[in-house]
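Protein sequence lines correspond, in order, to chains A and B.
Count the first sequence with full-length UniProt numbering and you get residues 1 to 367, in order.
Count the second sequence with full-length UniProt numbering and you get residues 1 to 258, in order.
Please note that a few of the clues may not be correct.
What the hints assert, rightly or not - Stretch-level coverage of chain A by chain B, calculated; a stretch enters the list once three of its residues show a Cβ under 8 Å from a Cβ in chain B:
1) 60-70
2) 157-164
3) 251-259
No lab work stands behind these hints, which were simulated from the structure alone.
Fair warning: this is a prediction, and the values are worked out from it, not measured in the lab.
The beta-carbon is built from N, C-alpha and C at its ideal position, and this holds for glycine as well.
The primary structure of each chain is shown beneath.
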Amino acid sequence: MELLNYMEKYKNIDLYSYFSQLTKEDVKRAISSRKPSIIDYLTLLSPIAGDFLEEMAQRAHTISLQNFGKSVLLYTPLYLSNYCVNLCSYCSFHSRNKIKRKKLNMDEIETEAKEISALGLKHILILTGESRKETPVEYIIEAVEVLKKYFDSISIEVYPLKEDEYARLIEVGVDGLTIYQEVYDEKVYNKVHIAGPKKEYSFRLEAPERACRAKIRGVNIGALLGLNDWRKEAFMTGVHADYLQNKYPEVEVSVSLPRIRPHVGMVSNYDVVEDKNLVQIMLATRIFLPRAGITISTRERKELRDNLVGLGVTKMSAGVSTEVGGHSSTEKTESQFDISDTRTVAEMKQMLLSKGYQPILKDWMHI
Amino acid sequence: MDNLIIGGIELKSRLFIGTGKYPNHKSMYEAIESCGTQVVTMALRRVDLDSKEDNIIEFIPKDCILLPNTSGARNAEEAVRIARLAKAMGCGNWIKIEVISDNKYLLPDNYETIKATEILAKEGFIVLPYMSPDLMAGKMLVDVGAAAVMPLGSPIGTNRGIRTKELVQIMIDEINAPIIVDAGIGRPSEAAEAMEMGAAAVLVNTAIATSGNPIQMAKAFSLAVEAGRIAYNAKLGATGSLAKASSPLTGFLGEGDK
Ligand code: SF4
Numbered sequence: 001m002e003l004l005n006y007m008e009k010y011k012n013i014d015l016y017s018y019f020s021q022l023t024k025e026d027v028k029r030a031i032s033s034r035k036p037s038i039i040d041y042l043t044l045l046s047p048i049a050g051d052f053l054e055e056m057a058q059r060a061h062t063i064s065l066q067n068f069g070k071s072v073l074l075y076t077p078l079y080l081s082n083y084c085v086n087l088c089s090y091c092s093f094h095s096r097n098k099i100k101r102k103k104l105n106m107d108e109i110e111t112e113a114k115e116i117s118a119l120g121l122k123h124i125l126i127l128t129g130e131s132r133k134e135t136p137v138e139y140i141i142e143a144v145e146v147l148k149k150y151f152d153s154i155s156i157e158v159y160p161l162k163e164d165e166y167a168r169l170i171e172v173g174v175d176g177l178t179i180y181q182e183v184y185d186e187k188v189y190n191k192v193h194i195a196g197p198k199k200e201y202s203f204r205l206e207a208p209e210r211a212c213r214a215k216i217r218g219v220n221i222g223a224l225l226g227l228n229d230w231r232k233e234a235f236m237t238g239v240h241a242d243y244l245q246n247k248y249p250e251v252e253v254s255v256s257l258p259r260i261r262p263h264v265g266m267v268s269n270y271d272v273v274e275d276k277n278l279v280q281i282m283l284a285t286r287i288f289l290p291r292a293g294i295t296i297s298t299r300e301r302k303e304l305r306d307n308l309v310g311l312g313v314t315k316m317s318a319g320v321s322t323e324v325g326g327h328s329s330t331e332k333t334e335s336q337f338d339i340s341d342t343r344t345v346a347e348m349k350q351m352l353l354s355k356g357y358q359p360i361l362k363d364w365m366h367i
Numbered sequence: 001m002d003n004l005i006i007g008g009i010e011l012k013s014r015l016f017i018g019t020g021k022y023p024n025h026k027s028m029y030e031a032i033e034s035c036g037t038q039v040v041t042m043a044l045r046r047v048d049l050d051s052k053e054d055n056i057i058e059f060i061p062k063d064c065i066l067l068p069n070t071s072g073a074r075n076a077e078e079a080v081r082i083a084r085l086a087k088a089m090g091c092g093n094w095i096k097i098e099v100i101s102d103n104k105y106l107l108p109d110n111y112e113t114i115k116a117t118e119i120l121a122k123e124g125f126i127v128l129p130y131m132s133p134d135l136m137a138g139k140m141l142v143d144v145g146a147a148a149v150m151p152l153g154s155p156i157g158t159n160r161g162i163r164t165k166e167l168v169q170i171m172i173d174e175i176n177a178p179i180i181v182d183a184g185i186g187r188p189s190e191a192a193e194a195m196e197m198g199a200a201a202v203l204v205n206t207a208i209a210t211s212g213n214p215i216q217m218a219k220a221f222s223l224a225v226e227a228g229r230i231a232y233n234a235k236l237g238a239t240g241s242l243a244k245a246s247s248p249l250t251g252f253l254g255e256g257d258k
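Here chain A stands alone, though its shape is the one from the complex (with noise of 0.2 Å):
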């Protein structure tokens, strides 16, 4: 309960009436603090701070060198199945979709994995639908035993697991974990998550924790940007992300910005976050949490993509199909959103290398 209890004390502030105190000055001093607070954070997201986005920019580049040079980590993900049991209304996975479902056995599990690591590769996360029936945990520590032998990195992306679940994922070879919380205010979590066992908040809220327990090596947060009010999203994302980095500094936290995008199924009204309200969560969170990793998918645009290089992006992922199969097989199902940025591989080390930054296709191994 300690995480909830944590949250609790932030989750009430009257973010507005904080903002509209603020000044110039406030503003400043939180982009030059030496080690900025929760509320230099919240600071940071203000709209007053939109106005400051240059200052904010040049700070959290000379973070960004200073931690992580001039690097950024490719990955791809891996779609093992598209079966799930949930009702979100913002994806087109989602249980009522009358979409084509399909789930990989190990053979295909292998032919993608030949495919991607052919690419050069090392960092594979693997997502699923969420649906323990059709893709349980054996079935996970299944395909984690294929992908070891091409891959030195790899990240889960599954329903919320148990702490035993996680250890015994990470026994085999798991060392990342990826789970956005998708929303952190719990009336708009249960609005968008009409059924299904995703409508538990706090086993959810509590997952990335359990893996830390077990003794995972890094946890990967988020926001699904457009849910809610994208202040208040970015705001708790961070006291959560903060939250891990302390009790758990042996563990590498790192935040995505995911923003929703077209796909199959029901429509919603979306809070709209523009070009300039991403930019602005991300240098935030570069301020504030120097050390954090910040991860841009493919989701984004690529002209977008190549202007977040340098303001604090650690990873990006790249050659990304969002269908079930997608890397090798001609049958195709349906992807779970529709990716903005379709270069290859070859193309986004390009980019990076002509921008002066070094791509990273390795930076783990299990040992």
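Starting from the known structure of chain A, arrange chain B with the ligand on it as the hints suggest.
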């Protein structure tokens, strides 16, 4: 310059270089070449032997000593495993122990570092442990077999200089092994300062890799290290806080003898 001997090997250059954070392997190679360093450290976990194009070892001049580090290790056991792997991969028997279980500041864990050093020194490795400056821990590292000790000047990547100066100086004065200042050195003048203090060598990475011109910066560091070492050997003139009066107040004491 007088040469430094570590693990039975004589080194002409007292500047050690890190390989992280460069814009590409080529600029790293050129920086190494321009400063004449002989010891190059790299994170073993980043070495990709399968890839000719991305295998960092291919870009380290053949006459340099490889100093693989155990970056990513969170305890002694992991550090030992990485060290053994490095040897098995053909990286030689030098190893820089880095045991870090604090991702926020990247500060080393001296206790686990001592444990790993002991195990690896017994196995015949030339062990160079990275540590938080502490006299007792430094002595223990030497006792268990460290070939040199590498205290930090300030946290990795900060470029803040030798903020731990007093502690590092005590280690230099008291420990009977080379002391190599690792991490925090941001400017050539700070590298010179470490050398003037009597450090045996310095390890620099971020300050070179993230500078506007890594090749020139590497060169600047090598000159600064050399200057600092010469100054140390020449013995710096004494500094005094009191002005030397031309007519001393106690001058009369000798007057009766005249
Ligand atoms: S977001 Fe995840 S849980 Fe929700 S419908 Fe899509 S795949 Fe299922």
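To see whether the hints hold, each was checked on the structure:
Evaluation of the coverage hint for the stretch 60-70 of chain A: fulfilled, as 6 residues show C-beta separations to chain B shorter than 8 Å, against a requirement of three. A count of 0 residues in the stretch 157-164 of chain A with a Cβ less than 8 Å from any Cβ of chain B is obtained; the coverage claim is therefore unmet, three being the minimum. With 3 residues having a Cβ less than 8 Å from any Cβ of chain B, the stretch 251-259 of chain A passes the three-residue criterion, so the hint holds.
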